[in-house]
Every structure is written in C-alpha cells, then in structure tokens.
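J.: So the chains spell out like this:
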Amino acid sequence: MPASRTQAVTDSAGVGLIGDTPVTQSGARFSWTPYLWFAPAILVLFLVTLYPTFFVGWLSFQKTKYYELTGFVGLVNYTEVFGSSAFWNTVYVSLAYVVGSLACAVVLGMAAALVLNNAGATGSVLRVFILFPWTLSMSVVGSIWLWLLNPSFGPIPYLMQVIGLDPGLMLGDPGLALPLIIIVTAWWSFPYVMVMATAAMQSIPQELYEAVEIDGGGALIKFRYVTLTHILPTLGSTALTLSIMYLTLMTLIIVMTGGGPLDATATLSFEAFRGTVQAVNIGPTAVVSIVVLLINVALGVLYTRLTGRVTG
Amino acid sequence: MAHVELKAVRKAYGIAPVIHGVTVDIQDGEFMTLVGPSGCGKSTLLRMVAGLEDISGGEIRIGGKTVNDVPPKERDIAMVFQNYALYPHMTVAENMAFSLKLKKAPREEREASVRRAAEILSLTKLLDRYPRQLSGGQRQRVAMGRAIVRNPQVFLFDEPLSNLDAKLRVQMRTEIKELHQRLNTTTIYVTHDQVEAMTMADKIVVLHDGLVEQVGAPLELYDDPANMFVAGFIGSPAMNFLKGRCEQGRFLLENGSALPLPSSSKHLSCDAIYGVRPEHIARTDDGLALTVVVVEPTGAETQVIARHGTQSIVCIFRDRTLPQPGEPIRVTPDVSRVHLFSERDGRRLS
Chain A
1393 MPASRTQAVT
1403 DSAGVGLIGD
1413 TPVTQSGARF
1423 SWTPYLWFAP
1433 AILVLFLVTL
1443 YPTFFVGWLS
1453 FQKTKYYELT
1463 GFVGLVNYTE
1473 VFGSSAFWNT
1483 VYVSLAYVVG
1493 SLACAVVLGM
1503 AAALVLNNAG
1513 ATGSVLRVFI
1523 LFPWTLSMSV
1533 VGSIWLWLLN
1543 PSFGPIPYLM
1553 QVIGLDPGLM
1563 LGDPGLALPL
1573 IIIVTAWWSF
1583 PYVMVMATAA
1593 MQSIPQELYE
1603 AVEIDGGGAL
1613 IKFRYVTLTH
1623 ILPTLGSTAL
1633 TLSIMYLTLM
1643 TLIIVMTGGG
1653 PLDATATLSF
1663 EAFRGTVQAV
1673 NIGPTAVVSI
1683 VVLLINVALG
1693 VLYTRLTGRV
1703 TG
Chain B
2 MAHVELKAVR
12 KAYGIAPVIH
22 GVTVDIQDGE
32 FMTLVGPSGC
42 GKSTLLRMVA
52 GLEDISGGEI
62 RIGGKTVNDV
72 PPKERDIAMV
82 FQNYALYPHM
92 TVAENMAFSL
102 KLKKAPREER
112 EASVRRAAEI
122 LSLTKLLDRY
132 PRQLSGGQRQ
142 RVAMGRAIVR
152 NPQVFLFDEP
162 LSNLDAKLRV
172 QMRTEIKELH
182 QRLNTTTIYV
192 THDQVEAMTM
202 ADKIVVLHDG
212 LVEQVGAPLE
222 LYDDPANMFV
232 AGFIGSPAMN
242 FLKGRCEQGR
252 FLLENGSALP
262 LPSSSKHLSC
272 DAIYGVRPEH
282 IARTDDGLAL
292 TVVVVEPTGA
302 ETQVIARHGT
312 QSIVCIFRDR
322 TLPQPGEPIR
332 VTPDVSRVHL
342 FSERDGRRLS
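As given, the protein sequences belong to chains A and B, one line each in that order.
Quick note: the first sequence uses the numbering used here, first residue 1393, plus one each step.
Quick note: the second sequence uses the numbering used here, first residue 2, plus one each step.
Excised from the complex, chain B in its bound form (with noise of 0.2 Å):
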C-alpha cells in the first residue's frame, strides 16, 4: 500500500502534448479511477505511473519516493492490462508465479502465494491450464491473479472489463470491488466507461484532452459537476442542456417557453445553458410542452426521447403511464437539482 502523488505530470510525444500537467493525490489505500472519452491520455498517465512511458515533465511519487526515471520492475506496482497479456505457453500457475520466479522466490513460497491468490479469486481448479483453454472472465481473473502474487503497493488497471460481455462485466466490476476491500491495495483504475468508474472508485479523475476537469468522490461529480464537460459525461442517460438566458428570476429558452431556475440562479441575467438530468424531469399538468418521439421502457423505468421545437430531450419516468409517440406531454424540471452553466466556457454557473 502507498501513498501516490502526480504532481504537475506532463506528457508530448515530439512536439504533440497529450498531457498538460495532472496533479492529483492518491490515498493510501484509495480506489481511484480515471475517466475520459478515447484519446483523453487516461492509459497514457497509467502507463506513465507503471513506468512504461517516459515522463516528460513533472513528477511521479510513489510511497514518498520519486519514480520518474525508476524502472517498471522496481516502482513495485503491477498491471492487469486491457488484452490481459497472459503468456500463452505457461499454465495459470506458471502465470502467476512468473514474477515471483524472476525474483528467485523458494518454490515453496511461490508456490504458496500462487495458492492463497487462486483461492481470492476462485482459480483453484483452473491452475494447470493454458490462457487459450479459459474463458475471457477467467483469463481476466488470472490476470488480477498475477497481479495479486506480487503484493505490490499499487495495482494499476488499464480498462480491464472492456472486452468482456456487459453481464460479465456486472459480474467482474462486483468481483475488483470486492477484492480492493478484501487487500485495500491502493488502485488506479482507467475506464472510458463512466458507469464502471462511478460504481467502483472512492475517487473520479475526470480527464478530457490531457486536462484534469475534476477531482471528487463518485457522488460529487454527479451532484456538482464543475463543467459541462463532467455534467455531460457523467451519469447515463446524459444531461439535458438547452440554450437560452437567464432573466428576471427565469431561464427563457431561444422559442420564448420559460423554465424554472434555482434560488441561487434568480440574480443571474446573461446568456446560458440550462442542465438537467433525465431523472430530475416529472410530468406535470402544466410545464414545458414536449412531443414524444421515442419510447424506451427498460422495467424499473422508461425513457422517453421528446421534442421542444427543434431540441431534443431526455426524460426517465418511474410511473407505468406511458406516453405514446407523437402524445403531447408536459414536464417540469426539479429545479433544485438544476445546474446553469456559462454559454462561453462551459462552468458552472450555480
């Protein structure tokens, strides 16, 4: 377990910057995820952490100590990468065992640790087989196996539960909590999948385009998001946003309808965009006039795709009424969990 520290981490590969200076604490012990659509350089600081990408400025503490020019064998982390990077010839115990044969461990010993982790992870029976004789869920558990037998002081995942099939994917998200309760090892774990991040980690680094657009606790980032960006990104469905402009204690969108604002916001008169999430809209008797266009009932809740002129929004009904295609309806947002953000750079305004 250790303390980890990116203090003002900088990546370019040649003239191109991927990274502009990242700053962010990780506890002891904290399960930390990076989150950011493809390409925001999420894998590329993981691997930067990991030691298989040089830094090109700032620096890298791992446990109090600088790592930046320390090479990956001796930062003592392991990896669980996205392909799972198994070594095909060896069975699942020669596989997990590897590192701690490099290391010349006693056999007793490896062979005691590779038992204590196949047990964690139910890979008992599975020991004696090749990579290509398992399941994409069980080559997945050999690799947080092989991970696990180095009792490293980080784990680092690099998008681990990408190539498996969405109930496997339920199933292994449950399975890495879980495991970083049972070993509270501190993590980094990279996702492009918001959802994974947000019912995983103790903290979200929400990452766009090598910038950090905000640090918090799952909870946070979906109550307060600091941007548009964060607002947009996270929680699914996305957040509604209508253009319009905040005058005298109301949010006028650009066709004249009004929408309620929030006490914090009744001062406010500029141009600005209204948030609101999907679940934060109820159907009310009078509200905003919306068409249907598309109905999505899922079980617990429905999804309506509507029209307001030529925008489009997002609703989640809870109520088993549902609306038909082409039906008037009318809604109203809960204006307490309503967010007004700058037309000019995104921020949030309330």
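Same shape as in the complex, but just chain A (with noise of 0.2 Å):
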C-alpha cells in the first residue's frame, strides 16, 4: 500500500516537471471539499471585516452630507485632513494618550507582578483582587472615576485640599483632561500586564537564579540578566496589544470628557466615532479611520513578527 502511494506521488510529480499534466490527472489530485469547508468563515471574515474596510476606504474618496453620497471627490478629503492642524493635534493626544498609558501600566504591571510573584500564597490572593479593575466595563470605570475626581464632591480633590494642593478644575482642566485620562486607563489595564508578566516570571527555572547568587549577582544583577530578559519577549507582545487598544479606545474618553475640554482629549478614533455621529460629511472622518487601521496594521504586522521570533 505504501509503495503504491509513493508510485503515485512520484508519477504526478514527474508529469508535472516535463509539463504535460493530463487534466484527468491533475483534475483527480484537486478537489472542492476543502474550499467548501472554509467557505462560511471566509464569508463571516469578509462580511465583518473587509467590506466594512473597504467601504470606509471608498468612503474616503466621497462627499457626503448626512449619509447621503454627493459625489466622488478624489483625494480631496486627504488634502483636507492632512492640511488641518486639528487633525495633527489629534495625533498629538493619540500618541501621548497611548504611550503614556503604556508607560504607566507597564511599569505598574510589572512592578505588581514583580512583588506579588515573590510573596507565596498571599501574593494569589492580592493578584485577583488586583485583576479586579480588568474585568469592569469600561464605563463603569469611567463613571467611577468621574465620581472620584469630582472637584466638587469627589474624594480625591477633596484629599488634595486637606494636603493643601489646589485640585482646580480636574478633568474640566485642558491641562490635566489627558494625564488624568492616561492614569485612568492605566489603572484600568495594568493587571492585564501583570497577568502576563507574572506568566512569563513563573516559567523562568529557579537554577538561574541560583546560578546568578552563585556567580555573585545580587538581587539588581537577577532582575536585570534573569527576569528582564526572560520576560521581555511576552512584555513586548502585552504592550503591542496593549498599544492597538488604546489607539481604538474611546469609552473612557466618551464617559469622562467627551473629548474635552478644548479637544484636549480628541483622540484618533474619538474624532472617527465624532465625526460618524456628526455625520455632516463622513469623507474626511473616513479618512481619520484609515490613519488608525494604518498605525494599528503596522503595530499587528510588529506584534506578529515579535510573537512569531518568541515562538519560533
């Protein structure tokens, strides 16, 4: 039986070299079953996914007024855009917004993970109370906090002035609507790195560390060359994830300020989802998304090549 499958193999690949495939035979190797079979999901991925993508790419080659199309209009929505100081503006509070969460959820995550990984059975039990704020709905996190920073009966500017700190207009401040914004989200996703990180940390053998107290290394010297390097692989694909949330995060920002105030925090897909619900021309607003699905592409392409080197 064996040899008979390797005869066919090998006869149908030597037709094939010289050329000269009969259509019998090559028409008995291919077969439809398989294509049928991948056939919903290719249909699910092309509804939910590509038409929409595509659609707002056409979209922003259009005019619109209020959903009604008026016309095709070039890249006159790019040049509209791409002029505008509002839109760089919103860049600006992007970028700020997704960096400086990331910055703080990572070193808190980590600094979470690093404690908790080193206090046995106690530390368990904390790491779930800790994960608590993950599992809440986003805006109730958001009205949690806008219960909290309240300059008039909230808890925490209320603390600011027994300290003697003037807590000013809090979220109503243009100054401090994004910091506020940033350590919010931060708060809200750092057990998602710690999670990750106490992952990773837990896999490391214990003989490194053992082999470092030997070689002279002292706690720093263990950090450094045992568990940064070990777990910089998983931090690194946490905080690509972490980074394309937030570009596209916007209930927070829609519960807590409305982007607001004076557009301090406009993000990119606040002002998509603004200008969509404005809907007085969608052109430009179509635009605005396709920035996003660009940045967010090149950070999927980033995370699968980072995941793809750690697993392979």
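Hints in this document: simulated from the structure, not taken from any laboratory.
Please read all numbers here as calculations on a predicted model, not as lab measurements.
Every residue, glycine too, gets a C-beta built ideally from N, C-alpha and C.
Keep in mind that the hints are not guaranteed to be accurate.
Derived contacts from chain A toward chain B, CB cut-off under 7 Å, selection only [as the list claims (entries may be wrong)]: (1) I1434; (2) A1511; (3) E1599; (4) L1600; (5) E1602; (6) A1603; (7) E1605; (8) D1607; (9) G1608; (10) T1621.
Taking beta-carbon pairs under 10 Å as the criterion, some of the chain A residues facing chain B (in silico) [as the list claims (entries may be wrong)]: (11) P1597; (12) Q1598; (13) Y1601; (14) V1604; (15) I1606; (16) G1609; (17) Y1617; (18) L1624; (19) T1626.
Derived DEER-like restraints, expressed as beta-carbon distance ranges [as the list claims (entries may be wrong)]: (20) B:N84 / A:P1625: 17 to 23 Å; (21) B:E112 / A:T1696: 38 to 44 Å; (22) A:A1433 / B:D166: 42 to 48 Å; (23) A:V1532 / B:L169: 58 to 64 Å; (24) B:P107 / A:L1698: 34 to 40 Å; (25) B:G15 / A:P1625: 34 to 40 Å; (26) B:T24 / A:T1527: 54 to 60 Å; (27) B:K8 / A:G1610: 25 to 31 Å; (28) B:D26 / A:R1697: 55 to 61 Å; (29) B:Q83 / A:T1696: 32 to 38 Å; (30) A:L1698 / B:T24: 53 to 59 Å; (31) A:S1476 / B:P107: 56 to 62 Å; (32) B:N152 / A:P1625: 33 to 39 Å.
Got two chains here, separate frames each, mind docking them using the hints?
T.: Next comes the structure, spelled out in structure tokens:
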C-alpha cells in the first residue's frame, strides 16, 4: 500500500515537471471540498471585516451630506485632513495617550508582578483582587473615576485640598484632562500586564537565579540578567496588544470628557467616532479611520513578527 | 583547592527533618561522590555546601573557615547544575565570563580565562553560539567551563549527567574525571547512579533517608559493605539476598537447602541474610539447584535470572554455554566473597 502511494506521488510530480499534465490526473488531485469547508469562515471574515474596511476606504474618496453620497472627490478629503492643524493635534493627543498609558501600565504591572511573585500564597490572593479593574466594564470604570475626580464632591480633590493642593477643575482643566485619562486607563489595564508578566516569570527556571547567586550577583543583577531578559518578549507583545487597544479605545473618553475640554482628549478614534455620529461629511472622518487602521496594521505586523520570533 | 568539613550537619523543613547529622571530611583535592536513592537528601546537602539552602544545625567548613552564614558568592565555590542553568540570552563566552564580569575583572583577564577554559573543554569553536544552539553534551561542557573560569576552591556537581543519553554520559564521565585529575580541585559530586559514583570517586558517601550509611573508597564499599542497604545499592546488578539461618557451620535456607559459610562465620548460630553478588556465583555440578527463568546475554557476560523455590536469584556467567529458560542448573557461591547480614537491623555480621 505505501509503495503504490509513493508511486502515485512520483508519477504526478514527474508529469508536472515536464509540463505535460493530463487534465484528468491533475483534476483527480484537485478537490473543492476543502474550499467548501473554508467558505463560511471566509464569508464571515469578508462580511464583518473586509467589506467594512474596503467600504471605509471607498468612502474616504467621497463627499457626503448626512449619510447621503454627493459624489467622488478624489484626494480632496486627504488634503483637507492632512492640511488641518486640528488633525495633527488629534494625532499628538493619540500618541501621548497611547505612550503615556502604556508606560504607566507596564511599570505598574511589572511592579505588581514582581512584588506578588515573591509573596507566596498572599500574592496569589492579592493578584485576584488586583485583577478586579480589568474585569470591569469600561463605562463603569469611567463613571467610578468621574465620581472620584469630581471637583465639587469627589474624594480625590477633597484629599488634595486637605494636604494643601489646589485640585482645580480636574477633568475640566485642559492641561490635566489627558494626564488624568492616562492614569485611569493605566489603572484599568495594568492588571493585564501583571498577569502576562507573572505568567512569564513563573516559567523562569529557579536554577538561573541560583547560578547568579553563585556567580556573585545580587537582586538587581538577577532582575536585569534573568527576569527582565526572560520576560521581555512577553512584555513586548503585551505592550503591542495594549497599544492597539489604546489606539482604538474611546469609551473612557466618551464617558469622562467627551473629547474635551478644548479637544484636549480627542484622540483619532474618538474623532472618527464623533465625525461619524455628526455625519456632516463622513469623507474626512473616513480618512481618520484609515490612519488609525494603518497604524494598527503596522503594530499588528510588528506584533506578529515579535510573537513569531518568540514562538518559533 | 580546599579541605571541606561537614560536622553533624542537619536540615529540617519546618518540623520535618531531612538530614540527620551528617559528618564527612573531604580532603584537599579529593573527588567525593554523594550517592543515594531519590529523596535521600544528597542534593539538599550539596546545596547547603553551596549556600543555596540554610543549615538547620551543625557546621560546614571550607578551607578551614566556617561558612554556615556566608552567602554563596563568598564561599569560593562553583556549581554545575542538573539542567546546566546557562543564561539563555548570553553566548557561550558571555556565560563563561559572567562571574568575572560581576567581579569587575578587566576584559583581558576575562578573555584569557574564558580562552583557557574553552581550550581545556574543546569549546573554542562554540564561543559565539547561544545555549539553544548547542547539544546536551556541549551545554554540559559550557556549564563546566563556567565553573572552571571562576577557578574556585571547590567544584559542586548536582547530577550533571542525568539529562544526557547513555553513551554521552559515559563519555562525559571520563571527561569530568580527567578534568579533576588535571585541575585537582576538591570536588563534591551528587548522583543517584552508583556506576557513576564507583567510576569517578576517590571517596563515596552513601546517603539514605538523610543518614550516612557508609563512607569509603569505591572498592571498599563494594568489597566490604557496612550493611544491606550499601550492599544492595553498590554494584550492578544488585547483590542477591537470601533469608535463612546459620547453623552448624552452614547456612540453611527456609526450604532446607544448604549453602557454604565463610570460615569467619562458621561459629554463628542465628537467623541471618545471606548476601552474594551475581558475579560471585559459578555454575557447578553440585550445589544449589535453580530453574532458569530469563537469560540476558550482553556479549562479555550473560545475566541469568533463575529461581530457587520462591526466591529469585541473579547470576552472571562469563562462559558462552548459555542455559535455556526452564532448564535446571546448579550453582555455588564463591564463599570468600559471601556476606552475612543481621536479619534484625541489616548490619553486616561477617
């Protein structure tokens, strides 16, 4: 049986090579069945991902008025968007938001992971509690912090007054709104970094730490040469996942500031959302969406390459 | 090089004692092997010498200095771990030089030390590779190189060959022994494999349940085991133990068959265990009647597992006339190599 199968493979390969493929023989090897099995998945992918993406791409070349297409305008939307200072301000806010939130979440998450990893059973219990913010709906997180930061009756401004600081308008202050949103985003998402970092730390062989001890290194050397190098790939892919999420995240902004004050918290995704809801002319909004898409695709490619390098 | 002394060393985890007062003296330049079954405390003892485990009681001295509370890095020891514990993101050269780097040794000194160790272990061509690019044997060698570079007073090996295949294990065994002969550094080597212990050590310490059963040179343990545990643990295949009674200058098995007693034990009259190694049994025309169960020829010799009543007896024959399974044979032990053990506590009587 195996002999005949080998024979068949050799035959068809030989025929293919000399370019004299009989229709029947190549037809016998081709089957539609696998494609049929794939069809539903491809259809779903097309309907929910590819079609809307292409549609937005097409929209970015159109002029609309309240959801009504008024005609093809070429690159006008692009020149309008890239020429406006408001757009570049939004890009700046987005980048500051993503980088700021990421930096805070990674530092907090790493610190929590390191402390709790050495805390034995207590650590396991505390980890469950710390995970709590991550499990909350983002609109709930936004509401909780709206109350905490309320300049009239919120506990945080009250405590600031008690220790002699002027809380000001808090979320109503254009200079403070973005930093505060960054803090809330980091508070909500650092448990994710902690979980990923903890998982990576727990896979580090204990012997490596012992080898450092014998080689003459202290806690700092252990962290720098064993822990950090070991968890860095995991941390990298976690950071990328979070960046992609932060870039498209707007629930917190909608709940807490509505993009204000004075567009101080209007990110690209928030701008795309606001433009679509107002629907005066969706063309430029589509351009903003395309920008978000391109940045995310770039991050996605980076993520795939990074995880590919880690796993393979 | 240093003299290592363990004085009544004890270890307990909470209220559970695992090492009950071990006293061993390791001479300067000696190769000492700690051997025993899994869970006997041999690795724990080694880790206590390394400073990776606290000492619950007793004293450990290295080079005349008590090190009970001295951190590992100040004990001037180097350890080779079972899983090698190479730093995965560092090259072979960086792995080997790491301890010197932490000591802030100048670059030239580091490079020279690494080069010297790499030459000793034939690692020169692998210096730029990462651990993941090496085979098990090469990783093992790098782990040894890392130890050599430190030029320590004592080498500690924790079952370093147990992750290698049988052939490589034999090869690395020779390499480690050769390395010791070359460097003459005091070495403590932990293994559960008695063949490894026998072939490598100057001195073997047999541990069992946290207690030292016997300390001695390899052949001393083989020829004069202190008790049934050592007799059964040292030597492969293990010694045969037959239950019976010493009476009138003979050893009577439970079914009445008689075996000869060594002249030193002819006066005994008590219940005892008769111990004879498989290689000290010869086929004879008269003697103990056995029925062959399994015949395992290995080339140089043939291992025969036979039965006398309900008792299984392993024999090793060097001649080529192989018995067949089911065939009756007669054997006689070499009476000068027979040991008698107390039935009560397993101690050797003769």
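J.: Decide, hint by hint, whether the structure agrees.
T.: Evaluation of the provided hints:
no. : hint                         : result
1   : I1434                        : violated (38 Å)
2   : A1511                        : violated (19 Å)
3   : E1599                        : holds (4 Å)
4   : L1600                        : holds (5 Å)
5   : E1602                        : holds (5 Å)
6   : A1603                        : holds (4 Å)
7   : E1605                        : holds (5 Å)
8   : D1607                        : holds (4 Å)
9   : G1608                        : holds (4 Å)
10  : T1621                        : holds (5 Å)
11  : P1597                        : holds (6 Å)
12  : Q1598                        : holds (9 Å)
13  : Y1601                        : holds (9 Å)
14  : V1604                        : holds (8 Å)
15  : I1606                        : holds (5 Å)
16  : G1609                        : holds (5 Å)
17  : Y1617                        : holds (6 Å)
18  : L1624                        : holds (9 Å)
19  : T1626                        : violated (14 Å)
20  : B:N84 / A:P1625: 17 to 23 Å  : holds (21 Å)
21  : B:E112 / A:T1696: 38 to 44 Å : holds (39 Å)
22  : A:A1433 / B:D166: 42 to 48 Å : holds (45 Å)
23  : A:V1532 / B:L169: 58 to 64 Å : holds (60 Å)
24  : B:P107 / A:L1698: 34 to 40 Å : holds (37 Å)
25  : B:G15 / A:P1625: 34 to 40 Å  : holds (38 Å)
26  : B:T24 / A:T1527: 54 to 60 Å  : holds (57 Å)
27  : B:K8 / A:G1610: 25 to 31 Å   : holds (30 Å)
28  : B:D26 / A:R1697: 55 to 61 Å  : holds (58 Å)
29  : B:Q83 / A:T1696: 32 to 38 Å  : holds (36 Å)
30  : A:L1698 / B:T24: 53 to 59 Å  : holds (55 Å)
31  : A:S1476 / B:P107: 56 to 62 Å : holds (60 Å)
32  : B:N152 / A:P1625: 33 to 39 Å : holds (35 Å)
When the structure is compared with the earlier hints, violations turn up for hints 1, 2, 19 and for no others.
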